[in-house]
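Based on the sequences and whatever the hints tell you, model everything.
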Amino acid sequence: MMYPKLPSATTTGQDQLIWKVLFDRQTALLHRRAAPAFSEGLARLGMKREAIPDIGELSATVFENTGWELVPVGRPFAPAAFFELLAERRFPIVTRIRPMHAFDFSPHPDLFHDLFGHVPMLLDEGLADFLHMLGQAYRAQPAGSPAREQLWALYFFTAEFGLVQHEGQPRLYGAGLLSSAGEIHHCVNENTPRLVFDLATVLGTPVSGTRYQSQYFVLPAWEQLTDCVAELAGMLAVA
Numbered sequence: 214m215m216y217p218k219l220p221s222a223t224t225t226g227q228d229q230l231i232w233k234v235l236f237d238r239q240t241a242l243l244h245r246r247a248a249p250a251f252s253e254g255l256a257r258l259g260m261k262r263e264a265i266p267d268i269g270e271l272s273a274t275v276f277e278n279t280g281w282e283l284v285p286v287g288r289p290f291a292p293a294a295f296f297e298l299l300a301e302r303r304f305p306i307v308t309r310i311r312p313m314h315a316f317d318f319s320p321h322p323d324l325f326h327d328l329f330g331h332v333p334m335l336l337d338e339g340l341a342d343f344l345h346m347l348g349q350a351y352r353a354q355p356a357g358s359p360a361r362e363q364l365w366a367l368y369f370f371t372a373e374f375g376l377v378q379h380e381g382q383p384r385l386y387g388a389g390l391l392s393s394a395g396e397i398h399h400c401v402n403e404n405t406p407r408l409v410f411d412l413a414t415v416l417g418t419p420v421s422g423t424r425y426q427s428q429y430f431v432l433p434a435w436e437q438l439t440d441c442v443a444e445l446a447g448m449l450a451v452a
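Sequential numbering from 214 applies to the sequence shown in the working numbering.
I should point out that these hints are in silico values taken from the structure, not numbers from a laboratory.
From a predicted model like this one, the values you see are computed outputs, not experimental measurements.
We treat Cβ as the ideally placed atom computed from N, Cα and C, and that holds for glycine.
This list has only true hints and no planted wrong ones.
Pairwise CB distance ranges, derived in the manner of DEER restraints: (1) L408 to R245: 16 to 24 Å; (2) Q382 to A264: 27 to 35 Å; (3) Q349 to E436: 17 to 25 Å.
What follows is the structure, encoded as C-alpha cells:
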C-alpha cells in the first residue's frame, strides 16, 4: 500500500554543518566497529557528508528493497503510536537535528539518529522483518499490558543499542550506538558489560534513553534477531 508523499525536512545552513560534522565523526568511529548490514546500507543509499539526504528519495529506495516507508514527523512518538507505525512498515523520521552542544549524545531521537542510524538498517531484510513483527506483536497486546513493556525493552536493546557477533568481534547495529560518539566510546570501554543476548534477561532489563546504557547485549548470530520474536510470541501465548 502506498501512502501520500509527506514533506521532507526543512534544513538551514547550520543544520547542514551539523550533519557534516556528525557524519565525519561517526563514519570514522564506526570503521571496523559497525555491523556489515549498516555499512552496506549506508553505501546503497548513497548517503554523503556534503548534504542531508532527501527523506522522500530515501523512502523510495527503502520501499523498493524491503517495503518500508519513511514518515517525517516533528517530534518522537510515544511507544504506542511508534509501534503502530512499525506494524504498518512505516518508520518515523524526526526532522529536527540535534544542537551542537549535544554532538556526543542526544537523549531523544533526532534527524541524524533516524536517518544515519536507522535508515541504512531498514535495507536489511532481517532487521526490517524484525521491526514489523515487533509492531504487530505490540498491536496485539491490550493497552497497559506488561507485554508491551517487554516489547519496548526488546526493541530498545536491539534496534537502538544492539550488537551482533561478526568474525569473532561484536559489531554495532543499534541506531543509538551508530549515531552517538559518546555511546560508542562508552560501549567499547573494557569496563562496560557486553552480555550475550538472552531474551529473558533483555525483557527484564530497565530501559533508559536519557543516559549511557549500563550494559549492552550481543547477538551470537544475526538470525537470532527474528527467532527471538517467535520465542517471545510463544511466551506471551502461554501467559
